[in-house]
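A.B. asks: First to last, the protein sequences are chains A and B.
For the first sequence, the numbering used here assigns the number 782 to the initial residue and increments by one for each residue that follows.
For the second sequence, the numbering used here assigns the number 31 to the initial residue and increments by one for each residue that follows.
Simulated from the structure, these hints should not be mistaken for lab results.
These figures come from a predicted structure and were not determined experimentally.
Take the hints with a grain of salt, since some may be wrong.
[To be verified] Below, computed lysine-lysine pairings styled on BS3-like, alpha-carbon distance capped at 25 Å:
no., chain 1, residue 1, chain 2, residue 2
1, B, K49, B, K182
2, A, K831, B, K182
3, A, K831, B, K33
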Amino acid sequence: MQFDSWQAFLSMGGYALYVWLSFGVTFIAMLAIAWGSARQHTQLMQQVLKERARRARIRQARQNEPVQTAGLDAK
Amino acid sequence: MWKWLHPYAKTENAYQLCKTLQPYFWGVAVVALVVGTIWGLAFAPQDYQQGDSFRIIYIHVPSAILSMSTYVAMAVAALVGMVWQWRTAFMAMIAMAPIGAVMTFIALFTGAAWGKPMWGAWWVWDARLTSELILLFLYLGVIALYSAFEDKQQAGKAAGVMALVGVVNVPIIHYSVEWWNTLHQGATISKFDKPSIAPEMLWPLLLNLLGFAAFIAAVTVMRLRNEIVRREIQRPWVVELAQQELGGRNAV
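Work the whole structure out from these sequences, hints included.
C.D. replies: Below is the structure:
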């Protein structure tokens, strides 16, 4: 251990502002990108099922309106 | 020779590979970063000239070196995508861009916070600093160009060209301290010579370098998985995957 006390460790030989600012911002930046990427994954997975449900609904709707489809096909 | 690589052009295989690798990358990243940072902050000896302010080196140097390495990796992915027409390679390219930009930002920010007490200025328009700032703009340019296209295959090609052209900036950053008379100091470890740093200071630095590299790899595989899902959203295997992962709570 290079420092005699917690106090000395936190003051970083008078460079506390610069050292802790650097480490703090780095930590926040890394946490933000990791957390953001993980969140994106969950959202995408939900979107996959939503898209599937939407496709199923469209298919259903087409099947339920055979008359109109037939009319359009005839033209 | 490269045949083992071919199955991974298929998005499903690439996705599974990323999923397998992800926990290992996270493990190495967390262990190396925690040990390296505590060692560097509390146990490494003081610098005889810079006192304790030199401890910023433990994040500044790894992030700066890896911001360039990530760029090269991104450009290689772009080249593979263009030459062999791999759409998966373009996905890898765009997965690396944001984390590369974050690394560049960290390098610039910690550089500024180190420059203020040592040089007396947060920022100087010096060759090393300016070329690193251009690297940040290149990353942002690749991301912006990719998101500007609706057709992601076109987007990959356009952003890929930009990534490839930007490679020219990497040697400029590396050699800027030799080619120009700059305020920034020369290379400490990335040179063909013995590192000009004491071993007690070097070990935590190498640990953090490993930790940052593993962190970048972990975020890259996470984002590559996301990009694959986004592009293959209608594929049956993706739907199956989502059902497995979300289980009963989103049953439709």
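A.B. asks: So, for every hint listed, does it hold in this structure?
C.D. replies: Consistency of the hints with the structure:
Taken as a hint, the K49/B and K182/B pair is honoured in the structure, with Cα atoms around 23 Å apart against an allowance of 25 Å. Simply put, K831/A and K182/B have alpha-carbon atoms about 21 Å apart, close enough for the 25 Å limit, and the pair holds. Of the supplied pair hints, the one linking K831/A and K33/B is violated, its CA atoms being roughly 37 Å apart against a limit of 25 Å.
The structure shown violates just one earlier hint, number 3.
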